[in-house]
Every structure is written in structure tokens, then in C-alpha cells.
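Just so you know, the protein sequences line up as chains A, B, C, D and E, in that order.
Taken in order, the first sequence gives residues 1 to 486; the numbers are from the numbering used here.
Taken in order, the second sequence gives residues 1001 to 1100; the numbers are from the numbering used here.
Taken in order, the third sequence gives residues 2001 to 2167; the numbers are from the numbering used here.
Taken in order, the fourth sequence gives residues 3001 to 3665; the numbers are from the numbering used here.
Taken in order, the fifth sequence gives residues 4001 to 4522; the numbers are from the numbering used here.
Calculated directly from the structure, the hints in this document are not laboratory data.
C-beta: ideal position from N, C-alpha, C; glycine also.
Hints are not guaranteed to be accurate.
Stated by the list, open to error - Some chain D residues well away from chain B (every beta-carbon gap over 12 Å; in silico): (1) Val3047; (2) Asn3075; (3) Gly3225; (4) Thr3249; (5) Tyr3461; (6) His3510; (7) Gln3640; (8) Phe3644.
Stated by the list, open to error - With the C-beta cut set under 7 Å, the calculated list includes, among others, these residues of chain D facing chain A: (9) Ile3017; (10) Phe3608; (11) Ala3633; (12) Thr3650.
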Amino acid sequence: MENLVQIALQNVNMAAILPSLILTCFGMGLLLINVFLPRGTTRHAVWISLIGLVVTGFFVFTGWGHPQYGFNDAVALDNYAAFFNIIFLFAAGLTILMSDDYLHREGYPVSEYYPLILFTTAGAMWMASGTDMMTIFLGLEVMSVSLYVLAGFFRGQVRSNEAGLKYFLLGAFSTGFLLYGMALIYGVTGSTKLTEIGIYLNAHASLLDNPMTLAGLVLLSIGFLFKIAAVPFHMWTPDVYEGAPTPIAAFMSAGPKAAAFAAFLRIMEYCFFSLKPEWTAMLWVLAVLTMVVGNVIAISQTNIKRMLAYSSIAHAGYALVGMVAANEIGYSGLLFYMLAYTFMNIGAFAVLVLAGKKGEDNLTLEGFSGFGFKRPFLGVAMTIFLFSLMGLPPSAGFSGKFFIFAGAVEAGYIWLAVIGVLNSAVSLYYYLRVMVYMYFRDPVEDYAWVSLPAAAVISIVIALLGVLYLGIIPGDVMELAKLAIF
Amino acid sequence: MISVYHYMTVAGILFAMGTYGVLTRRNAIVIFMCIELMLNSVNLTFIALSNHLQSMDGQIFVFFVMTVAAAEAAVGLALMITFYRNRESIDVDDMNLLKL
Amino acid sequence: MEIIFFYLVALVAVVSGFLVIRCQSPVNSALGLVNTFFCLAIFYVMLHAPFMAAVQIMVYAGAIIVLILFVIMLLNLGTESRKRYTNGIVWSSIASLLILFNVIYFIKRGRVTGAEGDITNFMVESVGHTELIGTAMFTEFLLPFEIASVLLLVAIVGAVVLAKREV
Amino acid sequence: MYDKLWLIPFFPLLGSIINGLLGKRFIKNEKVIGAIGTGAVFLSFLVSCKYFIQLLGDTVKSHENIVASWISVGNLQVDWGFLLDPLSALMLMVVCGVGSLIHLYSIGYMHGEEGYYRYFSYLNLFVFSMLMLVLGNNALVMFVGWEGVGLCSYLLIGYYFEKQSAGDAAKKAFVMNRVGDFGFLLGLFLIYWTLGSNHGVWTINFVEITANAHLLSGDMILGAGVTTVATLCFFLGATGKSAQLPLFTWLPDAMEGPTPVSALIHAATMVTAGVYMIGRMNVLFAMSPTTMFVVAMVGALTAIFAATIGFAQNDIKRVLAYSTVSQLGFMFIAMGVGAFTAGIFHLMTHAFFKACLFLGSGSVIHAMHHALHHAHVDDDAQDMRNMGGLRKKMPITWATFGISCLAISGLPFFSGFFSKDEILWWAFASTRGSMLVWGIAVIAAFMTAFYMFRCLYMTFYGEQRTNPKAKDHIHESPWVITLPLVVLAFLATVGGLIGIPHVLGNLLGHIPNKLEHFLAPVFEHSQKLYQIEAHGTAATEFGLMGFSVVIALAGIALATVMYIKNPELPGRFTAKFSQLHRVVFNKWYVDEAYDALFVNTTKKLGIFCWRGFDVNVIDGIVNGVAKLVGVLAATLRHTQTGLFQNYALTMVLGTVVMVAIFILN
Amino acid sequence: MNDHLLSLMTFFPLVGMLIVLFLPREADRLIKTVTLIVTIIVFIISLPLAFDDVFINSSAMHYTEFANWISIGQYFQMNYNIGIDGISLWLVLLTTFIMPIAILSTWHAIDKNTKGFMALALLLETGMLGAFISLDLFLFYIFWELMLVPMYFMIGIWGGKNRIYAAVKFFLFTAVGSLLMLVAIIYVYYFSVKAGVPFENGFSVAHFAQLDIPAHLQTWLFAAFAFSFAIKVPMFPVHTWLPDAHTEAPTAGSVILAAILLKMGTYGYVRFAIPLFPVATMQFTPFLAFLAVVGIIYGALVAMMQDDVKKLVAYSSVSHLGFVMLGVFAMNLQGLSGGMLQMINHGISTGALFLIVGFIYERRHTRLIIEFGGLSKVMPVFAVIFMIVTFSSIGLPGTNGFVGEFLILVGAFESELRIFAVFATTGVILAAVYMLWMFQRVMMGKVTNPKNEKLKDMSAREVAIMMPLLIFIFWIGIYPNTFLDKMNPALENMIKQVKGKQHIAMMAEDKDQTVTHITVND
């Protein structure tokens, strides 16, 4: 019995799960505190969870460059994970900042909201740092389950319920495929540890054309492609984003998507590097489909929230281009792009949060007429975020796209790059249209001058700084991204 | 002698049936059950494999799949209840406010 | 002998699965599902995984199905009319048949070639399945286990947050 | 020695600027403005005289004065440089001389016009441009003048810009000139490029071109000699400037401008620029018989064609205008048959008598205008049918006008006689001449005599047809107007004496042909080099001379018969040949033809390009693509049914397809 | 001072922008004044360049600044690599010179959101200057895109009634082209890296120009560049954004657009497309020259039939820039320097024309020719200035237009494009037709429209705006050497290099052919 404990303990390496550990602790602590506080008080939750994030961030930063492994290869807190952790932290932080007043406005000042976000972040971290299929799978589930809840958080609003339920059903459905894939891979290689799988596949060339391997590969990918909303597994995205609380939509588009990419990329690199030609070919097609569908449908949207949902599909497509490139710059470009996208998209959503009225039925293009002049700050911020989403220099979006397409070109996928830029040309149209309404149209009804909640403004400002910083001096972050990839 | 493939075949059939159910039934709860069916077929595959490969990992995996199933059941059913409260129905065809 | 038994159980499993997807009333579906679970439990036993079989019965048949039934009753759902299908029977069947085809295909063509572990059936019988699982769980798969706990916590919180009526 | 040449164009420019900038606000006073304008030109006249005399005394006959570098790009080096040689010197005298007279005349004529300052500013600017044209030592500076005079004629024709017709005429003039300039530029490029690339002489300087022209003899382009093509291009330019077929139609319309302008620009100086240019480039032209023949033929045809139209016009200025066109035709005949001297000679004499004629008509119109205005009758002050019998009323005008008519008809010992005769002789006898050209020219001469006297008679003889109310208000113009008339009339009479033909000279005792001698340095070279000369016995020359005199007299006689002896004849004629008359009266419908052919087609083309192509095709495609994407979006979005099971189905199908693709290959 | 002159000049407007942003939005006049002062200061900063004779003597880059801006391991180095030579010199000066005039022209024209307008104008100035001086393709691209945004807003917010369509069209046209160019840029970069150019050089044009890229690649890359620039020029048939943008943009916008933004395209050809891909240039020359000539004639024809003065001027730009392109592709000194000079000329003349249109628009709030007529009577000073500008646009000798067109045509005539030159020369005629026709309809005749009887003649401010332009119209017309002397060395050098490469390429081609020939014989 003792030796069992010893075996158990010698595998334990807390440093390897420190960030997620801290977050979960804060989450649980928060849950406890909530018990003793009257309902409807949330301000403390904001502060505590922010502190939690900051602390985690601190440890992530200090841990940078000192990869930690533990729980015999169930988890690895290497730079790759660290980089993604930073993305998650930013995503969570910005979301939390913009949420508080929003929740009060919409009439759901429920403090469990914040622990759930923290758990989601922790789950994302496990996905990013997991090196065992089980870790990744469970991380994914933690993340998804809390997201199901958050998406359907507004119990009283049928749209929110619908979003939650749709997300849940489809999510569970895709989980089925994911699991089947994992099962097959397990069957083929006899292990659930990514590195072992990779080595085993590489060692036995006969496995590479074993239908089970290939089927496993595809089914496995499906689970992640669903989370990153790649066509044809994207269809939940617009509905869920539209129905879910706006901050949650923002969060989903940044954090969990990045997490899915993190796990997906790690699995592909660790397990299936010997099948690279196959899966790059698959992703080539998916990337093109995703970009085209996302951008084209976005053109026909009039609800800005929904439009941003489609645009996030398109952006997933761009990110996939980075994966197709499958070279150093492509991958680091992908990491960089995820960070950039976190800033610009959450920023855009934050503006929506502040622009919306209760019920958010005014988040349409018409509703935005003359917005830029009535609410100058938000207008300018939105403009910058939109230009960044378009990929115009000097903005994070541009640098990100640049690196990704550069990767594609270096890898020889010229046509992919061309298709990509043509797609962003298409995307110009609908982003520009928002500006057309914001600035070129006269306001339909007069905005009362509401005072902007400080927290949300801070989140916008941070996002702005992030966008501009990554746009004007992308060098340093890109360096980190380069160090982050395997 | 029963080979692992027998079990996997059965599992496969169940998986396909599960999908069919998901695609055809309109009662959210039934759909959820069909999903459970799929998950179980995967479980069967896992255990068959782990037995064949003489390793525990598969079974542990199944263990976690069950946990997940339980968790999802809790949350999913809660979601259905809330939806039911607002729509007086858990017919998935009534989840049609968000579209286009 | 054993093979016949296998086919028998398999048949039952498939049939009850068929009930799940065809029964008009959710309750019947649920019962069909329970039935399938039992069959699977039997398979687990046949696969020298008695503990899993037990858990299967308890967790699935005992917990989840009960929960489901409870909710069904709570919402006292009637039978659903099988007039209209969102996407016609045809498409659905094509899709699922294709899945079936694929699965069969890669099971027939593919080979389970994984690295053989050291936990033979004999060992299972000698040491005991539960202990082996326990050992593995608390040594090798400690972290997933912990995460699972968080998962359950999240589920509970979520369920509470969602199902509560008043703020 | 010759380094102050730039002063000549400088004065008018200065005058123009002063009047233009200060005239309206600060000077205001007409007298001063007029004085500045006239003075400026007169100053440059003095300077030109100085240089003229200096040149006479000088052995070297060609002097350049480089003021500054204009464009220097690689091997293209263009200077602001002036060239004084006999040819330009002569032109200087004509331009400045006639110019200052007309300025003087304008002081009186334009009296009381609003925009008086504007008028003089433009007029000075014109003189400046003309002088640039004349003095330019390279084709580009000449082109500056060339376009400059075009501009000024545009401005001056459009002087009464409130009149629609004036605006149209101005535009027409400028555009037609542009067509010519198009040719000029092409010719220039061709010469520059061939000389440069084939012979390494990158130049557009006249002196150098003349010196190196012989190199071009071998070069071909488009299957023709480079010189031929180039000179044809240049000639196109000339036809534009000098109103030859087919680009002559702007000149009659140009009569919309004030009369002195017509006199200066559209008779004496600008329109002769084409002739001058050919003279400048005589070497190149001499090298290409083809071109020379074309020039001669075009000249001849123009001469007769314009003359026919001149028959039927009633507007005094238009008659003069067509006579100008026809006279220019004579000059081109001269250039065409290689009688460069004669051409320039006729240019000069024509400047005298045609200026005089115009000014005379101007004086008449002026008087008529005042009279009609005074009597509040709004008859057309320029229509000869409202005139008649003005001889008594305005004797000086009558006298000068008559003299000029004699001169233009080529009656012996008037200036016109010598120049025209020389031309006819060359046309007949030159190595480049031909009976055909000669014949046409002779007929044209006859017609000239006829319609000029028709004009004279209708204006000054017969009974007075002016509206009775206005009759008595007509009287002679003031001295500023008559003085130039007298001077010009005098020149028109004696001006020919500097170019007395050899035969005549020998007859009268060895009077040399001063002009020929003077211009020899410019023309002899080419004439010698390419064997251009008129050979024939003195007898023949005398014969021709006599013949031409007879012709002229016949014309006059006919006119006298028709318009003095029995004035009803013309009416009968017109009645008899009404068709013909209408056609001629409407100038052979050339304008209409041009409108139909070019103007409208261009407009149609423009409309097509714009509405047809730009809006429909290009923007059609662009917007079409946009619309296409829009439609695509509108359709694709319907895949997003909002129904969970559709989504699930899509997922499943996607999965199945992907798996199948993977495991089946 | 001198070693950071360019940076100072380029980024000073940004400083100005910040200042403007902190001014109270109501203080309309103050904002305008500040902006004006800023632009004038920029002009003054740039003046030393004009008097620096170093350009006469050497073709190299001067005032260069080099700093590592972004560097990412061994993939990328983007450098802040700027400099100026005879080619960009006058365009830079044109920019700094036009800006104050444009600002001054807004004095009464812009009354809503002055603050925004001025801020954008200053941002735009930075963008334009940056694009002209950047020697690093990446940097260039950034400035190039940076120009897009302010102009988009200028058209969209302060434009006419059809402004939205125009603005979006402008943006999309330009962006589509530039995106393709981006891919090409990346490709060239990787080619250079593979060719062993040390990555520290980043996207330096100078080094890219040293590469010898195989012909078939050059074709594609050049096509991408050329397409992007052709849209900006704009060349037929991708010019249709221009009339809309010009017509809808506010006066200042049109002035900047016509005077400077369009030059980006032509400048792009001279600075990037041609030196980088000489062989492809050789292949494309006839085609592009053809397009240029079509543009000349087509633009003129369409301009002739316009009933909106501003549209007319816009189409005339198409025609004029056709000349520029013809000159550029003549690929000899006359043609190129003619082209460069014509860029300046077009900037000045067309800028002036747009200002003039703006003046009458301010007075009558219409631009339809039909509405006018006989204005000369009412506003003589205006008439004189309008006429001078008209004739400079027609290209009358003695004005700037002539020198440019003459050089271009001579150059084209010397080159292989002779026949094109002949057709292009007809443009000279057409220019006279449409300009004079418009002038006649607007200025001549009787004052038919009672609304025009009371029009005020130009105010002192307006004359002050036009004066500098008029001065340059005559300066360039009479003594262009001031400008030519400084641009020629750089152009000569560029021609030498391009021709050299083309020569080598042709040699190689001939060799191949001979070889194949032999094999065929055997």
C-alpha cells in the first residue's frame, strides 16, 4: 500500500499543473464565498477572479522557459502550453471585465458565472498542456460543460436556452466521434500517450495505411474541428454566439477556440507527424471551405453579433492555413494569430456589449447608424478592431495574417495564400459595411449619453493596446511564439 | 473464438444506430439517449481493445467516459428543463429562433 | 457455445438499441437503453472486466437512466408524433448507413496492432480487476482522475445555476 | 553682337503682362493702355530694324542667340534660343511693322470697348508668340510660338465671349490648329529620332537639321522616305495653321473676332506661319519631290476652292477671309514648286495689301456700325448689301481699299503683281512645277480679281443701299484708323519693288532682285542641291506675265460689267444657277460634312465609351461580381436552417465523406 | 538634423494629428489653423531637399535611415529602411506642397466634424510620405495600406450624395489589388532568402533588385504588382473607381487623391515593379503601353461627354496618367523623366482644376456644366485663372503640361512603342476638345442662369491657394531643368540596370533558341 502511494506521489509534479491548479482553487474558493454572500452581489467575484487570473499569469510568466512534465506524461507545461495559457488568461480576463455591468443590465447578477469562466479557462489549460488523450479529453469536457452552462446562462431568455441546448447536443454528438477516434488510435497503437503514439506510428510504417489509423485520425480531428468551427462542423457557431450572452460569445470565439487549436495542433504534431501529407491535404480543403463559407455568409448578415460569429468561422479558416503550412513560421503564426484574434475579436464584442440595450435587439447594422459620432470612443475602438479583423496594417490582424500567409507561401502553398487574401478581400466588404453604418449614415434614433462602465472600458483599452502593440511591434511576441512551438 | 473484431462490429452497429437516432428523433431527451448509446458503443470498443491489448488504459478511459456522460447528463437535462420552462417543449424542431 | 451466447447478447443489444431509436414514447426508449446497457455489461464481463460491468450497471443504468426517466416524468413528455422528420428518413438512413459501412470497412480491413501490454486475463483473474484499475487510476492516471472531479463539480454548479428558478 | 535678340519678343510680352495684370484695376485709362500696347510692339519693331540693318551689313547671315537651356534630358537638349537670318529678319519686319500699325489702328477701332486692356494684352501676347515662332532657333521654340499664336487667336476670336458663335469659332480654330500641331509634332519626332538613332545627330535645332538633312536621304519608314513622311506631317501642321484644305474652315469663322485681329492674325501674320515654317525647313521639303507636289497641289486647290466660295459671300469680312485662304494657297503653290523666295515675297506683299483691305473693311464696318447704332437700326454692319456708294462718304478708306484691290488682283507694278507673277512663272517653269498647277493658279488669279472687285464695287460704288435712317451718319474714320490704312496702301503699292523679276529688271536696266539676293543664303543651298530652278526663255516669261495681267484685267472687267454696268446681272445669274449658287453660298457644305463626319462620330464614340462601356461593361462586371457574391451569400445562409438535426446531418455527412476519402485510397 | 530629416518630415503630421485630437471639437477655426500650420511646417521641413544638389550629382539614395524594426529569428527581418532619391524627391515635395493648399481649400468647404477630417488628413499625409520614402517593401506596403483608410473616411463622411458607393468601391478596388501584391511580396522575400540574401536585409528593394528571378516567376510576380499599381494609377480598364471617388470626395479629398494618391501607382511601377522584374516588364511592355494608350484616348473621349465638371476632370486624369504610363514604359530617359515630370504636372494642374471646381461648387452647390455659362463676365479673375489651368492641362507650350507630354512622346517615339506614341499624340487633340468645350460651356456665352448673376469673384484666400500652383505651372513650363536635373541621374541609373538585365535575359533566350535550332537541325 505505501509503495502504491509512493508510486503515486513520485509521478506528481504540481508545477506542471500549477496554473490550472490555481485557477481551480480560486474557482472553488469563489464558490464557497458565494455561499456566504447575499445573492446578486458580484463585484467581489470580479475582483477575486481577476486576482486569480493575475496570479496565474504571474506563475505562467515565471514558468516560461522551464518546461515542467509530470503525472507520467499526462501533462506538460512547456512554452507551447504557456503561450496558450496566456491567451486563455487574456481572453478570460477581458471577458470578466466586460461582463459585470452586462450581467446586471440583463438581469442575471449571478456570481457563479465567474467561477465557471475560471473552470473553463482551467479546462482550456489542460487541453493545451495535456500530452495524454485522457487529459485532453477531460480538459475538453470541463471546458465544454462549463461553456454549455454559460451559453445557456440566461435562464429566462429562450434564445439563451436554445443556444445552450444546441451547443450541448451538438457538442455531445461531436464528443462521440472524438471518442471513437481516440478508441481507434488506442487500438492501433495501444497507448493513450501522445508521444508514445507518435513513436509507435513512426516506427511501424505498416500502420500508416491501416484504415483504422486513418479513420482514427479523421474522427479524432472531427472533435477538434467542431470546437474550432471549421466547415462543415461550424453550423453551431452563429446560433450559439448569437444566443449566448455577448461576453460569453466573445470568450468562446477566443479562448476555447484557441484551446481546441492547441490540442489539435499538439496531437497532430506529436502523434501524426508521420502522416503529415495526409492531414495537411485534408486541412487544405477544410481551410479553403471554412474561409469561403464564413466570409460569404457573413456578407448577408444584418445582426452584427451574428456577423462576427461568421467572421470568427472565417478566421478559423485563416488559422487553419497556418496549420496547413505546417512549418515553423506557419505554426508560430498560428499561435500569434490566436493571441491577436483574442484581442481584436473580444474587443469588438466588448464594444457590442457596451453598445447594446437590454435584450440586445439593437445590435443590427441599422441600429449602428451614426454610432461613430454619437459614441466617439466606442466608434473609434470598433473601427480599429474592424480594421484589425480585416487585416489592415498596422494592426494585430495584419501581422497575424501576414505571418500565416508567409508560412503558406514558404511551404509552397501559393494558391492557398492567394485564396486567403482574396477571402480577406471579400471580408473587407462586410466589415466596411459596419463602418459605413457607424459613420456614413445618420443616426436613426438619438443615443442618450450613457456613462461607460469603467471595467468594460478598461477591457476595451487593453484590447486596443494589444491590437496596436501586436500590429506595430509584433517582433517580440512572434519571437515568443517561435520559442513556443515544438 | 470471439475476436476483438466481433465486439468492435457490434459497437460499430450500435454507434451507427445512435447516429440514426440523433438524426431522426426530435425529442431532445431521446436524442441525448441516442448520444449515450453512441458513447456506450465507444466504451465497448475501448474495453474490447484493452482486453485484446492486455492494457488497462482503455478501461480507465471508459471510466472517465462514464464520468463525462454523467456530468453531461446533469448539465444537459438542466438545460432541457430551462428550455422547457420557456418553450413548453423539448422538441428540437422548436429550437428554431436562431437561424440563417 | 460462447460464440452463440455472444451473438445472442449482441442481438439483444442491437434490438434494444433499435427500440431506443424507434419507440414513440421516451420512456420506452429509456427502457430500451437500459436493456442495451445490461447487454454491454454482459460483454464487459465476457471481456474480463467485471468491475467495469458493475460500474456500467450502477452509473448508467442506476444513475443516468434514472435521472433521465426522472426528467421525462418531470416534464411528463408525451409520445412524439412521427409525422415530420427534420431531414427525411432517407438522408438520415443514408448518413448512418454510410457510417456503418465505414466502420465495418475499417474493422474488416484494419488491424488492431497496438503494443501488447502485460495485463493478461490470467493476471486479471489472479490479482483482481478492481485493484488493477485502482492502481492504474491512482498511479498512472492520477491527473485525469482529479480533472474528472473538477468536471463533476462544474456539472453540479452548472446544473444548479441553470435549474434554479429565481436568481 | 546679336545677343539682344531676345529683346524683340520680350517687349510685347512685357506689354502684355503689364496690360493684363494692371490694365483693369490700376491703369484703366484707354490712352495709356493703348500706348503701352502699341509702344511695346513699336519698340520691338525698332530693335528688329536695328538687327535687320545690322544683318544687311553683315557677311555672316545666320546668328543664334541662346538665352538659356530649356529642356535637357540625356541627348535631348533644347534651348531658349533665337535665330536671326534673312528669312526671320524679313518676317520680323513684317510682323512688327504691320503689327505696330494694327495696334495703332486698334486704339481707335476698339475705343470704348469693355475689356480694352484685355484686348491689348492679348494682342501683345500674340505678337510675342509670333515673334517666338519666327525667331525660334529650334523646332520646339518655334512650336511654342506656333501654339502661342493659336492660343492668342483663340483668345481674340473669343474676345466677344458672350456671343455663342464667337466661342464656337474660337474653339474650332484652336482644335483645328491642334490637328495641325499633331502633324507638326509627329514630323518633329520623326526627324529627331531618325537623325539621332540612324546618324547620331540628336538635334531639333534648325541650323543643325539643315546642315545634316542630307544624311536622311537614304532613310525609309513605312516604305516611304523619312523626309517625305516627316515633311508631309509638317505640312499637315502648315495646313492647320494656314487654313489650307482640308483644315481651312476655321478661318472664315475666325472673323468673329474684332477686325484688327482679323487683319493682324488671320491675314498678315499668323496664317502665314505655315508658309514660313516650310521656308524654315525648305531643305527637308526640297528633299522630297512628292511632298512638294502635294504642297503645290493642295495650295492650288485651296486657292481655287476658296475663290469659288468668295464669289458668293455677302459679308465683307468673309469675302476677305476666303481671299486670304486663296492667297495662302498661292503661297503654298510657291513653296510647292520650289519658289521659296516668291512664296515669302508673296507672304510679305499679301501682308501689306490684305492687312490694308481688312483694316479698310474694318473702317467701313466701324462707320456703318456707328451709323446703324446711332440710328437704332439693327442691320448687319458687315453685310455688303447694306453698303454701296460709300466712296463719297469715306474717301481715304475707299482709296486705300481700291489700291489694295488692284494690288491683290496683280495689276502691274503693284506689289501683288510681282509676287504673284513670280509664283505663276515658277509654277510654269520650275523643275518641280507643272502645267496643271499653273493652270489652276491662273484661274484662281482670275477669280481673285473678279471677287475682289465685286467686293470693292458692292461696298463703295453704286447707289447707297444703307438703311436711309442711318445713311447720313456714315463718315470717315479718325486718323488713328486712316493713318495705318495709308501706310499700308503705300506699302501695298511699292512693296513689290524689292523683288523685281530678273527679266523685268534687266529690261529696266539691271535692277537686281533684291529680295532673292537677300534670302539666297536661306534657300539657294537647297535649291542648288536638289536642282530646283525655273528655266525658260525671257520671252516665255514675258508672255506669261502679259497673260496674267490680261487675266486679272478680265476679272476686273467682268466684275465691272456685272456690278457697275448692269447690276441686275448677278441676280439673274444666281436665279439661273440657283443650285450651284446655294452650294457655293453654303461653302460647299464643308462644315456640315465635317460635323457629320468627325464631330458627331467622336461624340457618339464618347457616349458609347461612357454609357456603353464604362458604365455598363466595366462597372457592370464589377457590380455583377459583387451582386453574385451577394446572391451566393443569400443562398448559402439558408443552409443555416437553425434546426439542430440539419446541423447534425451535415456533420455526419462531412465526417463520413472525410473518413471514406481517407480509408478508401 | 539631416540624418533624421525624412523621419521628422514623415511623422510630424502624426504629432499634429495628436494635437488636433486634443483640441475641442467646437473650435472649428482653431483646428483648421493648427492643421494648416502643421502641414506648412512639414513643407518647410521638406524644403532643404529641394535645394540639395546632391541629387544632381549622384543617383544613390540619400538621407537614408536604417533601423531594425521587426526581427523574428531567422525568418524575418523587417527594417525601418527609408531614403530618398531623384525619383521620389519631387513626389515627396509635391505631397508636402499640396497638403497645405488642400487644407486651406477646406476653410469653408468642411464644416461638420472638422476635427475628424483634419486628423485624417494628417494621418493621410504621413501615409503618403511614408510610402514615397520607404525602401523596404514591407514598410511600403504598410504605408500603402495606411493611405487607404483616411481617404475612405474622407469620401464616405464628407462626400456627396453617392458617397457610400464611391467610398466602398474605392476601398475594395485598391485593397483587392494590394492584397495580391502582398502575396507577391512575401514570395519575393522567400525567393531572396533562398537565393542567399542575408535575411538582415529584410525586404530591402535594393537587394531584391539584385536577384535574378527566372522569367516565368517574374511574369506572375510582376502581374501581381502591376495589377495592384494599375488599379491605383488607374489604368484602363480598372479605372472606374476613380470617377466615382473623385466626384463624391470633398474638394480637398479630390485634390489629394488626384495630386498624390494616383501617383502611388505610377511611382510603384518606377520604383518597384520594373526594377524588380525587368524581364517580365519586357514581356508586359507592349500590353501595358497598349492599355495606357487606350486609357489616353478612352479617357479623353469619355471626359468629353461628361456633364459634371468634376467627373470630366476625373476622366481627364485617366487620360493624363495614360501618358505617364506610356512614358514610363518607353524605358528611356526622355520617356521616364517625362513620365515623372508629368506626374508632378498632373498633380499641380489637376489639383488646381479640382480646386477650381470646388470654388464654383461652394458658390452654387452644383457641378453640372448645364447650370453654368458666361461666368467670365461675373468672375473675371476666376476666368483668367481657370483658363491658365485649363491650358496647362491641355499642355500648351510654356506651361508644365507641354514639357511633360513632349518628353513622354519623344521618349515613346524613340523606344519600340513608336506606333503607340503616334496614337497617344491624338490625345493632344482630344484634350483640347474636351477641356475647351467645357471651358466654353462654363465660362463663355451669356449668363443664362439667373443664379449665376450674383456670384462673387474669387476671394483673396482662394487666389492665395491658386497662386503657388500657377507659379509652378509656368516654372515647370519654362524652366523644367530645375526638376529634371535632379531626377535624371537616378532614372539613368535605374534604366541602366533594367536594360542590362533585360539584355542578359535576351542573350540567354537567343542562346536557347540557337541551341534548339541546332538540335532541330540534327
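Are all beta-carbon distances from asparagine 3075 (chain D) to chain B longer than 12 Å? 69 Å, holds
Non-interface claim for tyrosine 3461 (chain D) versus chain B (Cβ beyond 12 Å): 96 Å, holds
Would the non-interface assignment of phenylalanine 3644 (chain D) survive a Cβ cutoff of 12 Å against chain B? Contrary to the label, phenylalanine 3644 (chain D) does not stay out of reach of chain B, its closest Cβ about 4 Å off (not over 12 Å).
At a threshold of 7 Å, is the proposed contact between threonine 3650 (chain D) and chain A supported by beta-carbon distances? Interface hint status for threonine 3650 (chain D): holds (5 Å vs cutoff 7 Å).
Find the nearest Cβ of chain B to the Cβ of threonine 3249 (chain D) and say whether that gap is larger than 12 Å. 68 Å, holds
Taking the closest pair, is the beta carbon of valine 3047 (chain D) still more than 12 Å from chain B? Fine: 87 Å to the nearest Cβ keeps valine 3047 (chain D) off the interface.
Does the interface hint hold: is alanine 3633 (chain D) within less than 7 Å of chain A, judged Cβ to Cβ? 4 Å, holds
Least C-beta distance between glycine 3225 (chain D) and chain B, which was stated to exceed 12 Å: Correct as stated: the minimum Cβ-Cβ distance to chain B is 76 Å, above 12 Å.
Glutamine 3640 (chain D) remote from chain B - nearest C-beta pair above 12 Å: Answer for glutamine 3640 (chain D): violated, closest chain B Cβ roughly 5 Å.
Far enough from chain B: is every CB of that chain over 12 Å from the CB of histidine 3510 (chain D)? 110 Å, holds
Minimum Cβ distance from phenylalanine 3608 (chain D) to chain A below 7 Å? 31 Å, violated
Given a cut of 7 Å on the nearest C-beta pair, is the interface hint for isoleucine 3017 (chain D) held or broken against chain A? 48 Å, violated
Comparing the model with each numbered hint stated earlier shows that hints 7, 8, 9, 10 do not hold.
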